[in-house]
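Peer 1: Chains A and B, in that order, give the protein sequences. Under the working numbering, the first residue of the first sequence carries the number 136, and numbering increases by one thereafter. Under the working numbering, the first residue of the second sequence carries the number 4, and numbering increases by one thereafter.
Quick caveat, the hints were computed from the structure, so don't treat them as lab data. Hints may contain errors.
Listed next, the in silico DSS-like pairs over lysine-lysine satisfying Cα-Cα at most 25 Å (straight line) [said to hold, decoys possible]:
hint, chain 1, residue 1, chain 2, residue 2
1, B, 58, A, 511
2, A, 200, A, 415
3, A, 523, B, 278
4, A, 523, A, 538
5, A, 523, A, 511
6, B, 278, B, 174
Rough simulated footprint, nothing fancy, chain A against chain B, three-plus residues with beta-carbon under 8 Å [said to hold, decoys possible]:
hint, region
7, 32 to 38
8, 211 to 220
All residues carry an ideal CB built from backbone N, CA and C; glycine is no exception.
The lines below spell out each chain.
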Amino acid sequence: MKQVFTNAKVLVPGTKSPLPLNVATDGDLIARVSEEAPSGDNSIDCKGAILTPGIIDLAVFKIDKPAFHFGGITRAALMPDQAPVLDLPAMIKHSSSEGKPSLWSHPLAAATKGLKGTELAEIGLMKEAGARAVATGRNWIANSGVMLKLLHYCRSLDMPVIVHSEDSGLTADAVATAGETATRLGLSSAPASAEALSIARDIALVRESGAHIHFRQVTTAAGLDLIRVAKAEGLRVTCGITPAHLFLSDIAISDFRTFAKMSPPLRSEEDRQACLEAIKDGTIDVISSGHDPRGPEGKRLPFAEAETGMAGGETLLALSLNLVRDELIDLGRLFELLSTNPAKILGVNAGQIAEGYEADLILIDMEKPWQIDSRKMAASAGNTPFDKLPVQGRVRAIYKGGKAI
Amino acid sequence: MTSEQTGSPSTAGHQFPAGSDAFPHRHLLGIAGLQPWEILFLLKEAEQWVELNRKSIKHSGRLDGLTVINAFFENSTRTLLSFEIAGKRMGADVVNMHAAQSSIKKGETLIDTAVTLNAMRADAIVIRHGSSGAVQLIADKVDCPVLNAGDGSHEHPTQALLDALTIQRRKGDISGLTVTICGDVMHSRVARSNIYCLTTLGAKVRVCAPTSLLPPAIERLNVEAYSNFAEALDGADVVMMLRLQNERMNGDFIPSAREYHHLYGLTRERLALAKPDALVMHPGPMNRGIEISSDIADDPERSAITEQVEMGVAVRMACLDVLTRRSRNMEGWS
């Protein structure tokens with residue numbers, strides 16, 4: 136089926152803000168991006184809204200279609216921390232079909248069997264079953280020998296490795312970042328340097344192996360400094376963050392608010408400022424939702440016993456747009472962080488509006504105000520630390536492979 | 004007995020706001036956030052119960068017909084006993100729920116337990132739990148006042164109040180005193196509540212422990228942090244020793260009990276560094292010969308340890324009384 140999106144402001148690669156263009160699609164793909172509208176095709180009048188690539192969420196803990204469609208997410212990389220763990224080709228194959236055709240799921244192969252951090256999983260077979268990257272899951276691999284073998288192996292398979300960055304020796308029982316808030320609340324805490332320690336080791340192992348590591352969440356000034364240096368050296372490292380660490384500091388856990396219990400935990404205000412700076416200077420490559428819906432049985436517990444994570448799918452775009460409004464970055468850069476860069480890491484033919492790419496598109500009403508409300512979430516659970524926050528910007532329509540959803 | 008000196012200049016002369024304005028809180032979850040006059044009000048209220056408890060007939064009908072549930076999710080002997088005696092002396096029907104017998108062991112969630120306790124129409128619930136913040140979680144789900152009897156490493160407010168009452172009765176005004184708290188500050192709810200209470204009342208608080216047992220950024224709680232015990236003791240008016248849990252003495256935080264005693268045990272020689280009339284306190288139960296030597300613990304001139312236990316009952320009676328005034332429709336407590 137051929138169709139044309141007309142009267143849209145289109146965000147094309149390499150531009151800071153959207154341009155008045157027409158986008159023609161043919162089947163699943165974008166056929167043409169041009170100033171004049173081709174005649175004779177089915178035409179979709181976008182009424183002046185902004186047309187961007189669909190968001191590619193790297194990485195989520197649950198495929199949660201209502202939340203993703205609300206938030207303009209057309210593809211999501213699923214973390215291997217599932218029950219059962221995604222450590223076998225059959226699991227990858229099964230998980231790849233979840234959500235199709237209106238949402239594409241890219242399951243991430245567990246780096247080690249059962250995510251135990253000791254024996255390599257069948258990464259090669261999982262690649263053939265459709266896995267596009269490997270992940271260490273919620274935890275880091277403490278054994279440096281195992282980690283180096285993993286990186287060598289993934290280098291030979293040309294698979295990026297998505298890692299969690301916290302030294303588990305330091306974070307063993309910790310539920311918060313060491314600092315005044317944790318001390319006042321009497322919560323066990325680990326120093327923020329647990330992150331830099333693990334990143335430093337993994338960068339050394341990237342240098343050893345030549346593999347590509349994507350640090351899923353880098354949330355401290357010291358960690359980001361290490362990433363800057365590694366990138367300057369030309370090492371294959373990329374890194375990401377979620378809106379939680381960009382817009383909240385550890386003060387959010389005061390009153391034992393378990394919706395603000397994250398992994399890694401929320402950091403000091405100084406570290407939060409460093410994260411914003413790293414968005415601005417380009418150190419951070421990816422913003423993802425970390426979507427991890429948790430019901431009351433996981434969150435309505437004493438803080439130390441509660442589960443970590445937030446339902447982030449539907450708030451990812453609206454929160455991220457604050458970075459544009461605050462003039463840290465332009466809209467073009469934001470969609471590199473939300474779509475283009477995740478697509479490159481996964482090696483998928485999507486994430487930008489250009490000829491030959493998948494017609495995964497969203498129409499955004501930039502000004503639309505709404506309020507985040509934990510009781511009315513599209514997600515399978517309402518555990519958002521941004522409850523009651525007024526935001527602006529909402530997805531008006533979403534197209535996966537050219538088809539309206 | 005030295006504690007016969009009752010009241011203190013600061014409390015005796017203090018005018019408190021009328022009715023519930025003197026203590027406008029529904030629960031007692033912690034000392035953090037309390038105003039100095041609210042703390043002093045509870046201490047003043049406790050004085051009458053100290054008197055009653057020294058009589059041969061120790062009974063008041065103040066809480067007649069009320070039900071107080073002591074829900075203890077963590078083992079306790081003295082705090083549970085103290086709360087039970089406090090409730091019974093005021094005429095309340097006191098029921099104890101022990102974790103070992105509770106349905107928590109059967110997988111019931113804390114919230115479900117809270118809802119169950121609430122449905123039994125308790126008039127006050129006293130809770131101890133091993134997890135920081137757990138008591139607040141329950142308080143949000145019940146209709147009656149909740150008293151925190153210790154939650155994780157967070158707070159133990161009645162301990163801080165009984166300590167303040169003990170100090171006040173021995174030393175007079177707490178404001179301006181130097182209090183040294185020594186021991187496992189990192190894991191201690193007693194230390195946190197005492198830090199909030201004593202600094203709010205104007206005392207200068209020092210904490211002392213090996214750095215591995217001091218919580219991060221502790222100086223942000225308006226205390227001075229020391230690792231050298233001699234320096235921390237220098238000129239102190241009150242020396243408060245904390246209990247070191249056995250499981251932390253075997254190479255985890257501390258290499259051995261004898262090394263801890265060598266560096267941080269309160270001995271008569273060390274106590275000589277504090278003021279000549281310095282008061283020694285301990286929340287109990289004591290590890291004799293580890294954090295405190297027996298001859299100091301048992302010296303009635305220096306040690307206030309048994310007095311602390313006595314004040315504990317009075318303070319808990321005051322808290323139960325004040326927090327149930329609304330439900331008892333006391334005039335001015337709407």
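Peer 1: Below or equal to 25 Å on CA atoms is what counts here, so check residue 58 (chain B) against residue 511 (chain A).
Peer 2: With Cα atoms ~60 Å apart, residue 58 (chain B) and residue 511 (chain A) exceed 25 Å; violated.
Peer 1: Is residue 523 (chain A) within 25 Å of residue 538 (chain A), Cα to Cα?
Peer 2: violated (33 Å)
Peer 1: Residue 200 (chain A) and residue 415 (chain A) were given as a pair; does the straight-line alpha-carbon distance stay at or below 25 Å?
Peer 2: violated (31 Å)
Peer 1: Is the hinted pair residue 523 (chain A) and residue 511 (chain A) satisfied, with a Cα-Cα distance of at most 25 Å?
Peer 2: Roughly 11 Å between the alpha carbons, so the hint for residue 523 (chain A) and residue 511 (chain A) holds.
Peer 1: Does residue 278 (chain B) lie within 25 Å of residue 523 (chain A) when you go C-alpha to C-alpha?
Peer 2: violated (54 Å)
Peer 1: Below or equal to 25 Å on CA atoms is what counts here, so check residue 278 (chain B) against residue 174 (chain B).
Peer 2: holds (12 Å)
Peer 1: Do at least three Cβ atoms from the region 211 to 220 of chain B come closer than 8 Å to Cβ atoms of chain A?
Peer 2: Satisfied; 3 residues make the cut.
Peer 1: Tell me if chain A covers the region 32 to 38 of chain B under the three-residue, 8 Å CB rule, please?
Peer 2: Since three or more residues must qualify, the claim that chain A covers the region 32 to 38 of chain B is violated, with 1 doing so at under 8 Å.
In the structure shown, a violation is registered for the earlier hints numbered 1, 2, 3, 4 and 7, in ascending order.
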